[in-house]
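Respectively, the protein sequence lines represent chains A and Y.
Under numbering that gives the first Met the number 0, think of the first position of the first sequence as 0, with each following residue one higher.
Under numbering that gives the first Met the number 0, think of the first position of the second sequence as 0, with each following residue one higher.
Worth double-checking, as some hints may not be accurate.
Taking CB as the label site, the calculated pair distances span [as the list claims (entries may be wrong)]: (1) A:V139 x Y:F10: 42 to 50 Å; (2) A:D212 x Y:T56: 47 to 55 Å; (3) A:F6 x Y:G105: 46 to 54 Å; (4) A:Y91 x Y:K88: 22 to 30 Å; (5) A:L259 x Y:D140: 37 to 45 Å; (6) A:L75 x Y:L113: 22 to 30 Å; (7) Y:L113 x A:F199: 36 to 44 Å; (8) Y:E127 x A:V139: 25 to 33 Å.
Where chain A lies over chain Y, by a calculated footprint (3+ residues, C-beta under 8 Å) [claimed, not checked]: (9) 71 to 80; (10) 90 to 102; (11) 105 to 114.
In case anyone wonders, no lab produced these hints; they're calculated from the structure.
All C-beta atoms, glycine included, are put in the ideal place defined by N, C-alpha and C.
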Amino acid sequence: MEWLANFWATYSTLVYSVGVFALMALSIWLTLACGLLSLANAAFMCIGAYVSALLSLHAGWPFGATLAAAGAAPALVALVIGMPTLRLSGVYLAMATLAFGEVVRIVVLNLEVTGGPEGLNGIPQSTTGWHILAILAVVVYGLLRLQRSRVGRAFEAIREDEVAASLMGINVARHKLFAFVLGAVIAGLAGGLNAHYTFFISPREYGFENAVDILTMVVLGGIGGLAGPMLGAAIITLLPELLRSLHEFRGIVNGLILVLVVLFLPKGIWDPRRLRALFGLGPGRDPGC
Amino acid sequence: MLTISGLGKHFGGLAVLEDVSFEVPAGGIFGLIGPNGAGKTTVFNLVTGLLKPTTGTVSFEGRSLAGLQPHQITRLGIARTFQNIRIFKEMTLLQNVMVGLHGALGYGPLALLLNQGSFRRAEAEARERALELLSWVKLQDRASMLADNLSYGDQRKLEFARALATGPRLLLLDEPVAGMNPAEKDALMEEIRNIAGRGFGVFLIEHDMRFVMGLCERIAVLNFGRVIAEGSPEEVRNDPGVIEAYLGREDGGAP
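Bound conformation, chain A alone (with noise of 0.2 Å):
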């Protein structure tokens, strides 16, 4: 049992953020899901962040209330900053987000009320693995009875093909702006738990390294259901750790393991279909096919 202490000890964080990169995952993926390639997810696990540490510090707020805060402030910047951004597709909505998130990073920088540069210390830490597992639990189910109505099948639809979508009596822009500003509830949320167990943030965070690490774990886990998502994080999480004994070629090593992922499973790790297929359940590929 002893052990288990001195494990828990020295990798709880590591373990609380692959629950928080998890629920990172899962609001990119939603986006993806609906066919919007958004960068724009760091930055409101930022904005998540700074509003319930700067909430827990200066104004006293229980623990509960700020990480509400935390998912409700982000949904509203994403309410605003959607209306005009998702009517781009492709990589120019990429580039929107991509600024959006660079403008979120230096407003932060500058701010005094955010500590600038040296960020914010000293924030209680309230996080426990129970939070974190009860917020990921309720996301996941949601998602899960989302994608399985009317709202996941015009999701997917709309990914498939926008103009044949709205030909079927779907509201387009009503479905990409729900799954933007639900996505940045999951991150503002993911921003808060970050905040009350780290002690410390600062704006080098959730920089763009962060968005594009964020999509990783997407794209490496597979955007074919929720587990994907959430392998795809701790992979990435964790894979840095695993191969701390490599000291300085740990990158290049993380970075061939992707590039081989990609090249060899474009679908991703958890592919439902492939799997299917190979295990011989169910409609997978046809023979031949």
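For chain A, the structure is supplied; the task is to place chain Y on it using the hints.
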């Protein structure tokens, strides 16, 4: 049923449609024919709201469609298929048709989240309805197959079923037999007659003359963006302007 009056569409300086007017009567099969590039698909794009007209109006059952979004026009009761088939390839046949039932599923977010009875009932009914529509085009046995694996002709039929799922009173078919062999064409002609026989209005674009003449009760002919003739297949077939558009003009001096 569908009234098109003075419809014009300009792309920059290029007039694709000019003062197009005709009326698609309720029930039966109406055809719009014309040589390639005459502007037929543009008419469909204007009716379904994918393009905004430069001049003129479209009204459906007495209601103007000006300023409506495509999804709103669909919900008023107009559905369409595409010349280059646009089914959802990564979805099953059943899911494809259920997307068309989107507007008919009225459950709220709470029922959805809590998996309430009203949600399950509505989804089960939609599944039943989708299977019924698939059986209309004889695809019900392959409901759980991926749409991508269907043959070309069957993809076209799936597109019919999906369009019918939106509950239209008027169905627009854009060159339904493009790229098909004679046997497939005959089968599809039968399918379209069946659909019209169930009380749906059908408005189709085609340039296969044999197909149109055998199927349509009324025909309008479009050439260079203008309606040059309208009437029964018999009238249209003998119209000198139509013959000229399709076959060219006879030169004055015989060789």
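Those earlier numbered hints the structure runs against, lowest number first: none
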